[in-house]
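Asks: Letter by letter, the chains look like this.
Protein chains: 2
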Amino acid sequence: MTTVADNTLQEFLDALAAGQSTPGGGGAAALTGSQAAALLSMVLNFTVGRRKYAAVEDEMRGYLARCEELRAELLALVDQDAAAFGAVSACYTMPKKTDAEKSARTAALQTAMKGAAEVPFIVAGKCLELLQLAAPVGAQGNRNVVSDAATSAYLARAGLDSGLLNVEINLKYIKDSAFVAEWTDKVANLRAAAADAYTAATAACSATLGVTV
Amino acid sequence: MTTVADNTLQEFLDALAAGQSTPGGGGAAALTGSQAAALLSMVLNFTVGRRKYAAVEDEMRGYLARCEELRAELLALVDQDAAAFGAVSACYTMPKKTDAEKSARTAALQTAMKGAAEVPFIVAGKCLELLQLAAPVGAQGNRNVVSDAATSAYLARAGLDSGLLNVEINLKYIKDSAFVAEWTDKVANLRAAAADAYTAATAACSATLGVTV
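Line by line, the protein sequences are chains A and B.
The first sequence maps to residues 1 to 213 in the working numbering.
The second sequence maps to residues 214 to 426 in the working numbering.
Extracted from the complex, chain A is given alone in its bound form (with noise of 0.2 Å):
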């Protein structure tokens, strides 16, 4: 299967720049978030293993595997955001001469709407949970390198706030009030609990470098 995985960085910002829809914003939001989870790998990576931080060790060890997970995730999603797009664009070459494909048609549209709000809103979650982890890794991580795990923050939230925007501008076009309705109410939800970790995280971080972050 093709993926953007194996694109080198020089194809894939070649295609971002392009006057094509994909990859865009969703696909940039979602590398990113991969490159958030990457460098919160990396703190961990200087700190399990090592003497100095052996009280922390389990619980790094934990943080670890978590972050490899997310990182893959997020760069799987890079597709996913592609192909949920693909799939509204497919709907658009519906026929919609009589009034059975008309109605065909955007029933098709909405369904494929509804994926493509789905996607980033992964995404934002999983950026999230990057910014809950840059609190403990800023904080008991090893200490030369935790200016990469506030760089993960500012990564992660970049990632965040990219994938929420990306949902609330499909929810424009969605008909279905009450799935609006629950969307909104979940973004809402996410975005307040995304303020909240960014704020540890960086306040973890702020104190372990002795810089504000």
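Rather than coming from a laboratory, the hints here were simulated on the basis of the structure.
Treat the hints with caution; some may be incorrect.
[What the hints assert, rightly or not] Label pairs and their in silico Cβ distance ranges:
(1) 270/B <-> 18/A: 17 to 23 Å
(2) 103/A <-> 402/B: 56 to 62 Å
(3) 302/B <-> 172/A: 47 to 53 Å
(4) 203/A <-> 302/B: 26 to 32 Å
(5) 275/B <-> 101/A: 42 to 48 Å
(6) 192/A <-> 408/B: 21 to 27 Å
(7) 20/A <-> 397/B: 41 to 47 Å
(8) 104/A <-> 409/B: 46 to 52 Å
(9) 227/B <-> 185/A: 36 to 42 Å
(10) 423/B <-> 55/A: 49 to 55 Å
(11) 424/B <-> 11/A: 28 to 34 Å
(12) 110/A <-> 331/B: 49 to 55 Å
The beta-carbon is built from N, C-alpha and C at its ideal position, and this holds for glycine as well.
Following the hints, put chain B in place on chain A, whose structure we already have.
Replies: Just chain B, lined up with the frame of chain A:
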């Protein structure tokens, strides 16, 4: 010449996550900035040559040319960040038995650390320029893809914050107080300009999208 641009996304992320110093937060910041540039280029590629946006064609063509330069420069800065870090690491291998050796080592280390502070500042400056471009692109670019200009602003802010944090971390180890004072001012000025540019960029995108960015 080996360049990170030829790495696959998988290879780059694996290297970022590994227990090695480069690529680290500085490289991730530069790549994120390059993605921010690519996303503005995408919006501009959906704008130039379209009858609907003919009135702003010349202006948008100019922005596109600049975004493409910034995209290439920020990608090259991933390698430059690793090289600057490598120069610092090399100093740690210098001998330090005699007083002469110690003072040569300290002098070399201080010079290398100034270089390592400069690269993330350049990254941050280019991210500032992208934030400044996001306002006119968000206001006048193809409105169907303006959410990508907003995502660009989120990513550029993350690249900028990461770059400036890395400058500040490096400054803590530099003994030349005149240099530190000068660069502390430069960081503060860039941060203030970035806050203004971010506010303008998100306001412009919000107005076009009808969603708070």
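Asks: Does the Cβ distance between residue 203/A and residue 302/B fall inside 26 to 32 Å?
Replies: holds (30 Å)
Asks: Is 41 to 47 Å right for how far apart the beta carbons of residue 20/A and residue 397/B are?
Replies: 43 Å Cβ-Cβ, so the 41 to 47 Å window holds.
Asks: Does the Cβ-Cβ separation between residue 302/B and residue 172/A fall within 47 to 53 Å?
Replies: holds (50 Å)
Asks: The hint says 21 to 27 Å between residue 192/A and residue 408/B; measuring C-beta to C-beta, is that right?
Replies: holds (23 Å)
Asks: Within 42 to 48 Å: is that where the Cβ-Cβ distance between residue 275/B and residue 101/A falls?
Replies: holds (44 Å)
Asks: Can you let me know if the beta-carbon spacing of residue 227/B and residue 185/A is within 36 to 42 Å?
Replies: holds (38 Å)
Asks: Please check whether residue 270/B and residue 18/A have a Cβ separation lying inside 17 to 23 Å.
Replies: Since residue 270/B and residue 18/A have Cβ atoms about 19 Å apart, the given range 17 to 23 Å holds.
Asks: Looking only at beta-carbon atoms, does the pair residue 423/B, residue 55/A fall within the given range of 49 to 55 Å?
Replies: Once the Cβ atoms are compared, 52 Å apart, the range 49 to 55 Å for residue 55/A and residue 423/B holds.
Asks: Okay, residue 110/A versus residue 331/B on CB: inside 49 to 55 Å?
Replies: Between residue 110/A and residue 331/B, where Cβ atoms are some 52 Å apart, the hint holds.
Asks: Could you see if the CB distance from residue 424/B to residue 11/A stays within 28 to 34 Å?
Replies: Given about 31 Å between the Cβ atoms, the range holds.
Asks: Do the Cβ positions of residue 104/A and residue 409/B conform to the proposed distance bound of 46 to 52 Å?
Replies: At 50 Å between Cβs, range holds.
Asks: Would you say the C-beta atoms of residue 103/A and residue 402/B sit inside 56 to 62 Å of each other?
Replies: holds (59 Å)
Figure legend: structure checked against the earlier numbered hints; every hint is met.
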